Structures are given as structure tokens and as C-alpha cells.
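Participant: Those protein sequence lines, which keep their order, are chains Y and V.
The working numbering runs 33 ahead of the 1-based position in the first sequence.
The working numbering runs 1 ahead of the 1-based position in the second sequence.
If you're looking for bench data, these hints aren't it; they were derived computationally from the structure.
Here the structure is a predicted model, which means the values were calculated and not measured.
Hints may contain errors.
Mimicking EDC-like on lysine to aspartate or glutamate, the simulated pairs with C-alpha atoms at most 16 Å apart in a straight line are [claimed, not checked]:
no. : chain 1 : residue 1 : chain 2 : residue 2
1   : V       : K104      : Y       : E379
2   : V       : K133      : Y       : E240
3   : V       : K283      : V       : E333
Across the chosen pairs, the derived CB separations fall in these ranges [unchecked claim]:
no. : chain 1 : residue 1 : chain 2 : residue 2 : range
4   : Y       : Y160      : V       : R106      : 40 to 48 Å
5   : Y       : Y363      : V       : E60       : 49 to 57 Å
6   : Y       : Q378      : V       : K32       : 46 to 54 Å
7   : Y       : T241      : V       : K122      : 34 to 42 Å
8   : Y       : E146      : V       : S17       : 34 to 42 Å
9   : V       : E127      : Y       : T284      : 57 to 65 Å
10  : V       : D347      : Y       : D374      : 42 to 50 Å
One side of the interface only, derived from the structure: several residues of chain Y facing chain V at Cβ under 7 Å [what the hints assert, rightly or not]:
no. : residue
11  : P222
12  : L225
13  : N248
14  : D255
15  : S259
16  : E260
17  : L262
18  : S265
19  : P318
20  : P320
21  : E327
All residues carry an ideal CB built from backbone N, CA and C; glycine is no exception.
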Amino acid sequence: MSSNDLQKQLEYILNCSVITSNRSLEDMYKFMGPSFENATIEKGQYIEGDQDIWLIKELHADYCEVLEFIQRKLSSTEMQLIAMLIFNRPNLNIEHQYAGMSKQEKQATKLGEWLQSQIAQGTKTGYIPDHLVLANTLYNEMLPILLVADGSSQYKGSYAELDKLLRSFLSEDALLIPLGHDEWLIWGPVTLLKDEEGSELEHEEDETLEDILTNIVHALHDMLASEWLGESQLAITYPAAPAKLMIETVTTLRDSIHIGRKFHPSSNIHLPWNLRLESLLYAIPEPQRQKYLEQSLKRAELFVEPEMLATLDTFFSLDCNVSETAKKLYIHRNTLLYRLDKLKQETGLDVRLFRDAVLVKIILLLYKVTKTH
Amino acid sequence: MAGVRLEGIYKRYPGSDRASVTDVNLDIKDKEFLVLVGPSGCGKSTTLRMIAGLEEISEGKLYIGDRLVNDVAPKDRDIAMVFQSYALYPHMNVYQNMAFGLKLRKFKKADIDKRVREAAKILDIEHLLDRKPKALSGGQRQRVALGRAIVREPQVFLMDEPLSNLDAKLRGQMRAEISKLTKRLETTTIYVTHDQIEAMTMGDRIVVMKDGFIQQTASPEELYNHPVNIFVAGFIGSPSMNFISGTLSEQAGEVHFKATGVDVVVPEGKAAVLRSKGHIGKEVVLGVRPEDLHEEPVFLEASPKTIVTANIEVAENLGHEMYLYLNGIGTESVIARVDGRSTLRDGATVKLAIDMNKAHLFDKETELNIFEN
Chain Y
34 MSSNDLQKQL EYILNCSVIT SNRSLEDMYK FMGPSFENAT IEKGQYIEGD
84 QDIWLIKELH ADYCEVLEFI QRKLSSTEMQ LIAMLIFNRP NLNIEHQYAG
134 MSKQEKQATK LGEWLQSQIA QGTKTGYIPD HLVLANTLYN EMLPILLVAD
184 GSSQYKGSYA ELDKLLRSFL SEDALLIPLG HDEWLIWGPV TLLKDEEGSE
234 LEHEEDETLE DILTNIVHAL HDMLASEWLG ESQLAITYPA APAKLMIETV
284 TTLRDSIHIG RKFHPSSNIH LPWNLRLESL LYAIPEPQRQ KYLEQSLKRA
334 ELFVEPEMLA TLDTFFSLDC NVSETAKKLY IHRNTLLYRL DKLKQETGLD
384 VRLFRDAVLV KIILLLYKVT KTH
Chain V
2 MAGVRLEGIY KRYPGSDRAS VTDVNLDIKD KEFLVLVGPS GCGKSTTLRM
52 IAGLEEISEG KLYIGDRLVN DVAPKDRDIA MVFQSYALYP HMNVYQNMAF
102 GLKLRKFKKA DIDKRVREAA KILDIEHLLD RKPKALSGGQ RQRVALGRAI
152 VREPQVFLMD EPLSNLDAKL RGQMRAEISK LTKRLETTTI YVTHDQIEAM
202 TMGDRIVVMK DGFIQQTASP EELYNHPVNI FVAGFIGSPS MNFISGTLSE
252 QAGEVHFKAT GVDVVVPEGK AAVLRSKGHI GKEVVLGVRP EDLHEEPVFL
302 EASPKTIVTA NIEVAENLGH EMYLYLNGIG TESVIARVDG RSTLRDGATV
352 KLAIDMNKAH LFDKETELNI FEN
């Protein structure tokens, strides 16, 4: 029975409209209501609204495929039965969906499906099972990168095309695992961190592993922008053995993209080590964030002026260095000091002092995330 | 090579009630160097990114040559981009960085080699071909980024603030090199910058943008001498044009502009326009460039009806010229640019003649240049 047929049968039995839709995570949280702000969303979960019920069919990086039961109250037993029917029915065409795929793509797709289902079930850790043949090659450390093709992109790319591109760019050993329609897990070889002789790259004096990873992901972003389908979101993290740490790694990378997009929507590259404060702040429930913002600001409007926002962002990114900030913003040092004095006068916070700088940084981050809500 | 045509281009982001780019119409000629300039958030980068295919076009048509490319992926638009960050591929040497795009397009090895070596020669980086990006200086990296674009021999170069990461000295040097290079290659170039000096020195034509709207499209000379509104007049030129708010009146057959500390006669040619457009008795803004305020005795003698008296707050001597920061002319501070050999000093009173033939008058309400609209 196809999904459409099943949907029609459900409509007939339940005597209500049943529709399939794609809902953003923001829609989901809105539907769940304010008390579920940080609740986990899982495949198979159902959510009761005032009039409708939503059952999550598939979970993607930033949206969910949802079955909506319109204007119908259903008991928890009924919902459990419906979920059982949808998720546990035998799929007679299970091999059909792999038709036309290369062996490599088929294996990677199966691995991706396993990974998705583990994460949807809330599994936090676990080895890849032996029957997923690819696992045999995944015991050595590799570089994990998560790629999400930008939602606005109107172009569609195939697995084969992207796989070939990544093998040319990173290495023949690169592994591509599809996770959804527009989400891909890339495992690059750790040789990218070493030079041709196999020794560690000669780092510039203050170049860290994070710097090298950042350079790699920036280069990948630029390459994909000009040689693939355009804009994309990327996250990279430390090398790991895929067979052992695939689930944790994907969770870390997905969280980085999710939190990075919330706090830094204009950025396309999201680095876990740069998002620690953001992660902490995001864990605070929305009402507390709002309350803190209201209490902290004597005059909120000044913080939201684009000029002040840009000034403070640059000031913090340059470690509160006045001269460097003025140079970067192409303004006179005195103009910058005037702006900072104005902020102090109107909010009582002097960002040249460490204590106040921390507060303003937190206020700016909270403002960004509450604004997007 | 090809021209680029934008017809009624709009960019709207979901959730925003205002378009980021509004009704942009541009006809960029083959081989032209067009600069998009404006303050942060004016829509210049968004416009470039729509041309590149990195942002979806919400409305309107985009042609490269005669081909409508709204739905063509970036890699298939026959363009080459140079980003602000110019992220070179860190694991590849300079030669491989430049050759990568050609390799993907299945160029023959000999052709790739020829193109890379030719581009390296043009950019004077032949001796760096075996080096990795980390072993290059900022200027050398910038050259490699340009080289990567050049070898593609695209129809159009798109450059988004490519010099902003360089120091002032190198920026000046690279500015001249990019201009020379694009003239030599005869490739249509669209260049985004917020720096009006870059715009004025590099562009065949300049598009000044603000709040998503094109304010004026013209040659550098035309923009400088005939700005259509106060924004363009203030944005182009350094130091900026002085603006003095006042009123126009008719006295003994002459039109006078009067403001605090100012009573000057408008030349007859301009006065006739003011009369015919009904501006007599109305509030206007006088725009005077710093170099159109003269302290030389010969100019004072020749222009007795345009003399103003001011106090020098600060006299900044740059050697070849001197900036006088003045008060007493209108209510705001005014800057005059005079000869560096001038003996004027801080605190002195000075008589200056305004060159009213070169001055502009703007409608106070619409901010449009009365003589250019």
C-alpha cells in the first residue's frame, strides 16, 4: 500500500482530513507551545495542538515531514496504533528504492538511513553494525564535515555528482553519506591535516588544529559555491573514527549548524569550538532569556541599531582592541570612542571593561536568538 | 565575453516585510568594469550574489550575454568569483589551486598547464607555483585567488570586496593591478566595494546603492560632479561634501542663499533654474565640496558676493594640502581643503569664497539635486 493510499484509508476511518506537510523546526516548536521550547523532536512522536494533531514522519536538519490530522482529537492509544501502522508496516518495495544506484551509493544510503533511524530513536552512541559493509573501511580516524545545501537553492544535485566532486577536491578516500534530501555527511581523510611527506603540517607559529580545520571548511565552502550548486551550510569537527563515533559526530555537527544558524544567520560555516557560549545560552529556556534581556537593558533600541550592532560585533571579534576595530570599520578612532561612550551613557555598560563586555556580549547573543524567535 | 543585464530584479527574504533589493535595472556592457558601491546593508553584495547564483532571484530577469540564467546553477553560468575571504585550498599548492576548476571541466592536461602558467606570468607568481597557501603572504594569496578566476577565462568576473583583507598599502597596489588586469583581459567585471576610493579609481561606471535601491548609475566624474541627491553627494568624495541648510530669497534681481553666517549670491544661470522650478523662498541644502572653498586672495577678489567668514577649529596639514575644520558657516562643522603651503593656523578667523558655479542645491524635502533632476 502506498503512502497516499494509507493516508486515504486513515481519512476514511478517522473521518477527518489527513495531510502530509513539511514543517520547519520553528513551526514545530510554535505548535508545541512555549513550555516545550527546548524539547527534543523525534521521528514517530506526535504533538497535540488546540485542534490538530501532528505525527512526525521524518526528521531532517531543519524541518520535519509531518502527517497532520486536521480538527480531530485522538487518544494516545489511537495515535500509537497509527504510528505502528505507519512505521512498522512491511515495506515490500524496500530494495526498489535503491534501484539505479551504484554499489557505493546504495551502501552509503543504507548507512545514512541507519544513522538517521538511530538518531531519531534517541541513540546517543553506538558502533555501526557489521552488515553495513562500509563499516569495514571506517575504523581509522577521518575528518567529519556536515553539508546542508541551502534551503533557498533551486538547483538539485545528485549523489554521484557531489561524490565525484568531493573525491577530486578532498581525496579519493573521501566518503559521502546522504542523510536527507539536502543533508550530507562527508568523511575526509586525515591526510588533509598532513603534508605530502606524511608528517604533520608545519604550522605557522600560532596555527592550531582548529585553524587548519577552519581553513579546510572555508575552502570547501568556496569550492562548492562555485563548482556545485551554490550556497550551503557547513560544519566541521575534530577527527574521529566513523565506525565508533558516527552518531555522536553527526549530533555535534547538526547541533552546530542549528545553533550557528540561530545565532549567526549570516554565517555559512559553523564551528563547534566557536559556539560554546551560544550552546550554553541556547539551553536557557526562552522566558528566562527574555527576562534577562529586559532586566539588562535600560535602553534596548540602541543595541539593535545596525551601526551599533556592527560596531560591537567587530569590537568583540577583535578582542576589544579599539585601534584595530576602528581600522576594520574604516572609521576614526575617536568616532569609535564616541560610539562606545554613547553606549555607556545610555546603558550604563562600558564595553572596555571586561565585566561589562561579557554582559554586552551575552545580551547581543540573546537578542539575536530571541529576535529570530 | 558578454554583457550582463538585470531587469527589475528584487530580493525578498522570508519573514521580512521589506525587499533587500528593489527593482534593480542595469545594462552592463561587454568588457565594462562596473562597481557596486554603498554602505553596509545597501544590497550591493546581495545583488552580486544573485548574479553569481548564490542567492535566488525573487523577481525579475537576469541575462548573461543573451542567455536568461535565473535557473542556471552557478557552475554553469560561465562566471568566476573572487570572494572577500579568498579561501585558497589549503591542501593544494598554487598550481593545483589554479588548475582545479579546469580539471573538473575535463580540460586537457596541456591546456591546463598553458593556462595556469600564462595566468601565473600575468600575476607575477610563476615562482610560487609549488608553494602551499600557508607559505604565501596576503598579497600573494590574493594574486592566487585572482589566478584561479583568470584561468577559467569566464564571460564575467564577479568580485566581492576582494581587497578588504589587505593592509592599506597593499590594497592601493592591488587596486591598480586589478584595473590593469581586467583591461588587459577585456573581461566584463562586476566589483562590489564599500570603499568609494576603490569605486572612483577602478570603475568605468559606478552604481551607488542605498537601502536596496539604486541611487545613481554613472561614470566616476559624473557622480562626483553631478550627484543626483544628497546621499550620493555625501557618499562620493573624501572628505565628504559640506551641507549647509538655508533658504533662497530674491534681492535686487539676484538670488541669495542665506543660512547662519552665510549670505551668498547664486550665479545667474543657476538662479534662473531655481526661479523656474519655484524654489525661491523655500528651504534648500547647499552642497559644497571642500576644494570649492577658496582662501586665495585672487579668488576672494573675483568672488566678492560668495564670501563667508569662519573660525578655524583645527588646521590639519597633510603636506601637499591642508584641511581646515571650520565653524561659523551654517550650524554644522565645515571642511575646506586648501593649499598645504597656507599659513593658516588653529583658532584663526578666515575669509573664504565659495565657488558657487560648482556648488549644488538640494531640495530640503526630497533631498534631490535641483539642477540634476
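Participant: Hint by hint, which ones does this structure get wrong, listed from lowest number up?
Facilitator: 1, 3, 5, 9, 10, 11, 18, 19, 20 and 21
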